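Protein chains in written order, with this note's numbering: chain A, 1 to 66; chain B, 1 to 447.
No lab work stands behind these hints, which were simulated from the structure alone. Predicted, not measured: the structure shown is a model, and the values here were computed from it. Treat the hints with care, as some may be off.
As the list claims (entries may be wrong) - No farther apart than 25 Å at their CA atoms in a straight line, the calculated lysine-lysine pairs in the BS3-like style are these:
hint	chain 1	residue 1	chain 2	residue 2
1	A	K41	B	K37
2	B	K160	A	K41
3	B	K25	A	K2
4	B	K37	B	K10
5	B	K284	B	K25
6	B	K10	B	K25
7	B	K37	B	K25
8	A	K2	B	K10
9	B	K37	B	K49
10	B	K241	B	K49
11	B	K160	B	K241
12	B	K10	B	K160
Listed below, chain by chain, are the residues.
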Amino acid sequence: MKDLAGREATPVERRLLRLYDGVADLLREEGLAPCVAANLKEAAAALCVAILDLGLRHERPDDLGL
Amino acid sequence: MSDSPYWNPKTETMPREELSALQAKKLRAVVARAYEKSAFHRRLLDGGKVRPERIRSLADLERIPFTTREAWMECQGAVPLYGDMLAQPEHDAVRYHMTSGTTGRRPLRVLDSRLDWKWIAECWCYGFHGFGVRPTDRVFFAFSYATFIGFWGAHYACEKMGAMVLPSGNMATPNRVRVIEEMGATVVCATPTYALRMAQEARELGIDLPRGLVSKVIVSGEPAGSIPATKRLIESQWGAKVGDTAGMTELGTIMMFECSHQPGGAHIIEDHFVEEVIDPATGKAVGYGERGERVVTSFGRGMIPVLRYRTRDLVVKVPGARCSCGRTFDLYEGGILGRVDDMLLVRGTNVYPRAVEAIVREYPAVDEFQIRLWTDEGIRDEIGVRCEVRAGHEEHWDRAAVDLQKDLVRNHEGLHFHVERVPTGSLPRFELKAKRVKDDRVVKGGA
Ligand SMILES: [Zn+2]
Chain A
1 MKDLAGREAT
11 PVERRLLRLY
21 DGVADLLREE
31 GLAPCVAANL
41 KEAAAALCVA
51 ILDLGLRHER
61 PDDLGL
Chain B
1 MSDSPYWNPK
11 TETMPREELS
21 ALQAKKLRAV
31 VARAYEKSAF
41 HRRLLDGGKV
51 RPERIRSLAD
61 LERIPFTTRE
71 AWMECQGAVP
81 LYGDMLAQPE
91 HDAVRYHMTS
101 GTTGRRPLRV
111 LDSRLDWKWI
121 AECWCYGFHG
131 FGVRPTDRVF
141 FAFSYATFIG
151 FWGAHYACEK
161 MGAMVLPSGN
171 MATPNRVRVI
181 EEMGATVVCA
191 TPTYALRMAQ
201 EARELGIDLP
211 RGLVSKVIVS
221 GEPAGSIPAT
231 KRLIESQWGA
241 KVGDTAGMTE
251 LGTIMMFECS
261 HQPGGAHIIE
271 DHFVEEVIDP
281 ATGKAVGYGE
291 RGERVVTSFG
301 RGMIPVLRYR
311 TRDLVVKVPG
321 ARCSCGRTFD
331 LYEGGILGRV
341 DDMLLVRGTN
351 VYPRAVEAIV
361 REYPAVDEFQ
371 IRLWTDEGIR
381 DEIGVRCEVR
391 AGHEEHWDRA
401 AVDLQKDLVR
411 NHEGLHFHVE
421 RVPTGSLPRF
431 ELKAKRVKDD
441 RVVKGGA
């Protein structure tokens with residue numbers, strides 16, 4: 001997998017993406033307790049910024065309400 | 001965690017070709033999203049016959065029509081409160097801010113989401129980390145925390161970095177100075193003008209700032225942060241290094257920062273923004289080293305996309321290699337050089353308030369000053385500088401006034417300047433954006 005600058009993603013970058021995808025998936029679950037949903041949103045937004053910084057993806061997760 | 005001098009080592013040192021590739025991909029995504037989600041931007045792009053899928057490289061950027069403050073104001077006037085420019089539902093927003101606004105102008109209203117705020121803080125992290133702020137610092141904010149966006153993002157940046165934040169809210173100046181001393185602040189954030197105001201207050205309170213713990217003063221909000229003489233004055237009065245940053249409400253954050261190598265300019269955060277410099281009269285791009293107007297495109301703000309926004313800020317872009325820090329991000333030499341609209345035409349001579357400030361600040365006898373313009377004999381423009389004399393410098397004033405007058409004349413093609421002393425405390429002081437020009441002319445630009 002390549003980043004937006006055309007570099008091969010590093011192992012750490014791949015792990016970061018997997019982590020973010022996991023949090024985003026969990027956030028799409030129905031019926032999360034308010035405390036879980038709010039903190040997952042915080043986590044997803046923070047991870048998303050790291051992904052934008054590293055130029056790994058450019059899509060904004062508009063469906064997550066972040 | 002590494003002790004890198006860069007907040008984001010990957011992009012801050014990225015070769016220019018890779019950086020351009022990164023920017024082109026981000027640009028394409030941002031344009032496509034703005035077109036799909038924001039009616040304002042769809043109109044803008046349709047008006048310029050720009051199809052988002054045709055944006056492939058940075059060269060395509062100039063096909064996108066400019067956005068202006070006027071268009072933004074009109075849009076929000078037609079559809080209160082936010083116009084039809086939001087790219088996300090209003091309920092995604094977690095905060096509201098507005099521009100400070102000047103007489104007769106509608107303030108701009110902005111909304112930001114949770115992700116926007118994380119990103120706003122992130123851009124400040126580039127600047128604070130780059131200037132040497134670390135988790136062990138105690139950072140004092142001389143900032144009122146109201147609807148003006150100011151240092152809000154910097155506050156969150158410091159929390160994110162793990163530094164200790166010392167907020168001051170609506171504290172009066174003497175209290176702020178006492179807290180800085182009592183809490184052992186190591187970094188102080190303020191406008192350049194207010195940094196000088198606090199230093200003056202400290203002297204009156206008998207607090208010796210240069211012997212204190214503050215090692216960095218980070219300034220924002222006024223072009224003065226990169227005027228060498230103003231900077232030296234703040235540095236000598238605080239016994240600290242001064243780092244300049246600049247941002248705007250329309251972006252929510254900073255787009256440039258001065259690194260710890262202090263090359264006489266500020267790096268553009270080019271992995272989150274594309275900055276173009278144009279001739280304000282023709283709209284055509286100007287090259288490295290030429291003065292022009294900044295035009296900004298943001299990759300980060302989600303609720304309000306920003307495409308080719310004409311900032312009215314005057315800048316000179318130079319290659320990042322001009323700085324020895326290793327960043328590849330281009331620099332704005334001398335920071336923000338003033339505003340396109342700031343130029344005063346006085347008897348046919350162009351006068352930039354920032355240039356006047358650069359001269360006045362060379363005189364330590366001057367504590368505060370104001371540029372005043374008036375009409376004489378019903379037609380003739382006159383310009384003068386009113387000065388408050390710094391305590392302890394009274395005996396140097398007469399000599400300084402003569403030299404200052406000569407310096408001003410020499411630097412303005414022989415235009416006569418009046419130099420006048422006014423009582424201490426009679427000129428306004430500013431916490432936010434200083435307004436040091438008082439234009440009382442009946443006819444502007446008169447012979
Ligand atoms: Zn540098």
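Hints, one by one, checked against the model:
As the CA atoms of A:K41 and B:K37 are separated by approximately 21 Å, the hinted pair is consistent with the 25 Å bound. Restraint check for B:K160 and A:K41: the C-alpha separation of about 16 Å stays at or below 25 Å, so the hint holds. At roughly 12 Å between alpha-carbon atoms, B:K25 and A:K2 fall within 25 Å of each other, so this suggested pair holds. Straight-line distance between C-alpha atoms of B:K37 and B:K10 comes to about 31 Å, which puts the hinted pair past the 25 Å bound.
Distance check on the hinted pair: B:K284 and B:K25 sit about 23 Å apart at the alpha-carbon level, within 25 Å; holds. With a C-alpha separation of about 17 Å, the suggested pair B:K10 and B:K25 falls inside the 25 Å cut-off, and the hint holds. Between B:K37 and B:K25, the direct Cα distance comes to roughly 18 Å. Compliance with the 25 Å bound is thereby established for this hinted pair. For the hint linking A:K2 to B:K10, the alpha-carbon distance of about 14 Å falls within 25 Å, and the restraint holds.
Between B:K37 and B:K49 the alpha-carbon distance is near 17 Å, which keeps this suggested pair within the 25 Å criterion. In summary, the hint linking B:K241 to B:K49 is not supported, as the alpha carbons are separated by about 49 Å, beyond the 25 Å threshold. Pair hint B:K160 plus B:K241 holds up; C-alpha atoms about 23 Å apart against a cutoff of 25 Å. Restraint check for B:K10 and B:K160: the C-alpha separation of about 19 Å stays at or below 25 Å, so the hint holds.
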